[in-house]
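Trainee: Heads up: the sequence lines are chains X and R, in that order.
Using the numbering used here, the first residue of the first sequence is number 2, and each one after it goes up by one.
Using the numbering used here, the first residue of the second sequence is number 3, and each one after it goes up by one.
Hints should not be assumed to be uniformly reliable.
To be verified - Think about it this way: if two alpha-carbon atoms lie no more than 30 Å apart in a straight line, the pair counts; the simulated DSS-like pairs of lysine-lysine are:
1. R:K58 with X:K129
2. X:K103 with R:K90
3. R:K59 with X:K129
4. R:K58 with X:K315
Derived from the structure by calculation, the hints contain no laboratory data.
Predicted model only: the values in this text are computed from it and were never measured.
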Amino acid sequence: MYRSNVLVCGGTGCTSSSSGEIIKALEKEIKARGLENEVEVVKTGCFGLCALGPIMIVYPEGSFYSMVKVEDIPEIVEEHLLKGRIVKRLLYQETVDGDNIKSLNETPFYAKQRRTALRNCGVINPEKIDEYIAMDGYKALAKALTEMTPEQVIEEIKASGLRGRGGGGFPTGVKWSFAAAQPKGQKYVCCNADEGDPGAFMDRSILEGDPHTVLEAMAIAGYAIGSNQGYIYVRAEYPIAVERLQIAIDQAHEYGLLGENIFGTDFSFDVQLRLGAGAFVCGEETALMTSIEGNRGEPRPRPPFPAVKGLFGKPTILNNVETYANICQIILNGAEWFSSMGTEKSKGTKVFALGGKINHTGLVEVPMGTTLREIVEEIGGGVPGGKKFKAAQTGGPSGGCIPAEHLDIPIDYDNLISIGSMMGSGGLIVMDETTCMVDIAKFFLEFTVDESCGKCTPCRIGTKRLLEMLEKITEGNATMEDIDKMEELCYYIKENALCGLGQTAPNPVLSTLHFFRDEYIAHVKDKKCPAGVCKSLLQYSIDPDKCRGCTACARVCPNGAISGKVKEPHAIDTAKCIKCGACMEKCKFGAISKG
Amino acid sequence: MKSLADLEEIRENTKFQLNLRHESPDNIQIRVGLASCGIAAGAREVLNKFVDEIAKKNLENVTVTTMGCIGLCSDEPVAEVETQNGEKTTYIKLTPEKVVRIVDEHIAGNKPVAEYTLGSKA
Ligand SMILES: Cc1cc2nc3c(=O)[nH]c(=O)nc-3n(C[C@H](O)[C@H](O)[C@H](O)COP(=O)(O)O)c2cc1C
Numbered sequence: 002m003y004r005s006n007v008l009v010c011g012g013t014g015c016t017s018s019s020s021g022e023i024i025k026a027l028e029k030e031i032k033a034r035g036l037e038n039e040v041e042v043v044k045t046g047c048f049g050l051c052a053l054g055p056i057m058i059v060y061p062e063g064s065f066y067s068m069v070k071v072e073d074i075p076e077i078v079e080e081h082l083l084k085g086r087i088v089k090r091l092l093y094q095e096t097v098d099g100d101n102i103k104s105l106n107e108t109p110f111y112a113k114q115r116r117t118a119l120r121n122c123g124v125i126n127p128e129k130i131d132e133y134i135a136m137d138g139y140k141a142l143a144k145a146l147t148e149m150t151p152e153q154v155i156e157e158i159k160a161s162g163l164r165g166r167g168g169g170g171f172p173t174g175v176k177w178s179f180a181a182a183q184p185k186g187q188k189y190v191c192c193n194a195d196e197g198d199p200g201a202f203m204d205r206s207i208l209e210g211d212p213h214t215v216l217e218a219m220a221i222a223g224y225a226i227g228s229n230q231g232y233i234y235v236r237a238e239y240p241i242a243v244e245r246l247q248i249a250i251d252q253a254h255e256y257g258l259l260g261e262n263i264f265g266t267d268f269s270f271d272v273q274l275r276l277g278a279g280a281f282v283c284g285e286e287t288a289l290m291t292s293i294e295g296n297r298g299e300p301r302p303r304p305p306f307p308a309v310k311g312l313f314g315k316p317t318i319l320n321n322v323e324t325y326a327n328i329c330q331i332i333l334n335g336a337e338w339f340s341s342m343g344t345e346k347s348k349g350t351k352v353f354a355l356g357g358k359i360n361h362t363g364l365v366e367v368p369m370g371t372t373l374r375e376i377v378e379e380i381g382g383g384v385p386g387g388k389k390f391k392a393a394q395t396g397g398p399s400g401g402c403i404p405a406e407h408l409d410i411p412i413d414y415d416n417l418i419s420i421g422s423m424m425g426s427g428g429l430i431v432m433d434e435t436t437c438m439v440d441i442a443k444f445f446l447e448f449t450v451d452e453s454c455g456k457c458t459p460c461r462i463g464t465k466r467l468l469e470m471l472e473k474i475t476e477g478n479a480t481m482e483d484i485d486k487m488e489e490l491c492y493y494i495k496e497n498a499l500c501g502l503g504q505t506a507p508n509p510v511l512s513t514l515h516f517f518r519d520e521y522i523a524h525v526k527d528k529k530c531p532a533g534v535c536k537s538l539l540q541y542s543i544d545p546d547k548c549r550g551c552t553a554c555a556r557v558c559p560n561g562a563i564s565g566k567v568k569e570p571h572a573i574d575t576a577k578c579i580k581c582g583a584c585m586e587k588c589k590f591g592a593i594s595k596g
Numbered sequence: 003m004k005s006l007a008d009l010e011e012i013r014e015n016t017k018f019q020l021n022l023r024h025e026s027p028d029n030i031q032i033r034v035g036l037a038s039c040g041i042a043a044g045a046r047e048v049l050n051k052f053v054d055e056i057a058k059k060n061l062e063n064v065t066v067t068t069m070g071c072i073g074l075c076s077d078e079p080v081a082e083v084e085t086q087n088g089e090k091t092t093y094i095k096l097t098p099e100k101v102v103r104i105v106d107e108h109i110a111g112n113k114p115v116a117e118y119t120l121g122s123k124a
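Chain R with its partners taken away, still in its complex shape:
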């Protein structure tokens, strides 16, 4: 038989998954480029790493979604982070390791990781 605490635990565990099921325009949006160029360069791993890291850290106001090719094929995998105030950061040449840092510092800590951004190329 379930106690109130058990119920709360089920709720917490399942809620995260259900958060996916409504539109949340006010969330931080992470869009991973998933066109052929991106997939070939490992965008799937990057995408799933974002999803897993965010779940691991229990970050609720974040939506991880996908986008098509944005024309930076040689810099793939590419992802765009748009924070609640509309600021956009484009990350390039991503790897699962880089994702861990981005989630840590940018998504949770609100400080973009400058050296992974498109701007760092110049």
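In isolation and in its complexed conformation, chain X is listed as follows:
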């Protein structure tokens, strides 16, 4: 029996800040003190507070060590694990309150969270099926197979109100019932783990932290619709997720929880991985299936919908990773439990990947209906550097922005659509006053232009023209007419593109135009970028009254654009200036400004 468990985050974020070395150092120091039979080191999935990684929790005390360094390990092992003295200096400071140490659940980051889809992330070792089983793993599958009919499973999911977490928000139970209604025969259960939008890492973290829950849910879905084969389409750029999924599949096979006659019933189910090459369009359902079939990942028109004619022409359901991560809990705790969380039309919780200008970059899971303000200011710890919140971007390249005036909007599918954004899969990028909204729209358009598969004209050519118009604006060459034209083109693309990629590509433009039209106008009419981002519209200048002639700026300028004698005011040659901003950073006297 171990008396203590040291949980170290093995998610992608903490792994890249060397949690692997920390685990090695821990094991070495623990062994050196003869504690290896008393203290177990466990590599888990993501705890959520990625900004403070690498993260480590020592139980039973629940001491939360953040930004752990390999050099700190001997002290933590000697003091805490051997002598029972918590090393306060190295704890996450939000948990330290004078002499007291607060529980993690009392910290602002965790207090408002309801970890449902993420319940096992950061708790179990995702590479050990026994730990998953201990957390009631495969109990939902057992319940479904031995106590419920497929129809009852579908009814339970329908009653829960669960909607797809991949972006569309389609009711999951209804989707399953369509596929179940198809005549008996080969059917497929697919999982969308393509997660291509910039800034999103929810699905990745679930797969890395709790892969079995996705397998179990897919098996339940297979039972519900009458399918014996599942595919997980996961991007090859997620190596840790791929590895842990494969380990999970192998272990489930070994235990007979996947394979023939599960729990001695006549239900059989298998899951295979298919690796995607990282094309955004392959996250679109028809393109994804085309890609699994071994063809170039391009969408096709719907109908027929996948529930009728999907993978290999057979009835298929496709659900997102996070959607699946809710299924087992619904089967175990009941539809009512699930629908007690959330808003009228959006039940349960949602995982968000918090990024951008926010203190607590990381992964959070909150009940639907939590306000953006709670997420940004309380959980996220606000905008760093005393800067002002300007907007949050949700839904990635298909979504839009939520400006400060809507900070109190309860986040759910319908509210976000009503203000021209969308839930998307859960990327939430916070922007402060130094962000230019035209530039943001341009960033997302660059992404869609890159990722457009080229099959349909509105998307292939339309998004390119749209990007050119945005470039014209940010370079100060546009007229007000161009803005009107651009808006018209946006609606044209939305209506005529073949798949969701093109149909939603103009959203970032439309939503920034809606909320920040004055910024567009400033670029066009005044030839100014109010946030000071668009280089072509910037002019750096030196205030001769403030300049002391220290020459620091002239020396740091990479292009020799600054001249002046020592102890005399300097000047910038705007023709030579490349607007890198190095001089402004260097000046100690605040003599250089841009505008």
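With chain X's structure known, arrange chain R with the ligand on it following the hints.
Mentor: Showing chain R with the ligand alone in chain X's frame:
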């Protein structure tokens, strides 16, 4: 292939270990002094005995943790038991044998072992 019963067995066996991984302020807390004075007097053995006995008896609502020196160095190994109603008992000069009795009578039976407590010294 695993049956439902096999699964239940794995669950039971592993669950106990995983119980460690969340904060349980409502548990009975056993804190063993593990500073140098305690370690020198055999606190490690005492600590591990607590852990093993509690596992053996499958007692779920108990957390065994450690604490620093509480200043009773000549009475080490020392442990503090705090029950759910906030009552604290300090045990002194512990040995693995004494631990067996404490777990039996105090933790499982809710009756402190008076003769091992600090109070018995007077
Ligand atoms: C361009 C594009 C990219 C998409 N990428 C993803 C993705 O990465 N992950 C995902 O789950 N859904 C993605 N979707 C949505 C899927 O087409 C599909 O609606 C979803 O996987 C269905 O699962 P759900 O009902 O559980 O949300 C994307 C859609 C489009 C149009």
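Trainee: It remains to establish, for every hint, whether it holds in the given structure.
Mentor: Hint-by-hint comparison with the structure:
Proximity of K58 (chain R) to K129 (chain X) is assessed by CA-CA distance (about 23 Å); at most 30 Å being required, the pair is judged to hold. Taking the CA atoms of K103 (chain X) and K90 (chain R), the gap is about 21 Å. The hint holds against a cut of 30 Å. With a C-alpha separation of about 25 Å, the suggested pairing of K59 (chain R) with K129 (chain X) holds against the 30 Å cut-off. The hinted pair formed by K58 (chain R) and K315 (chain X) fails the criterion: a straight-line CA distance of about 53 Å is larger than 30 Å.
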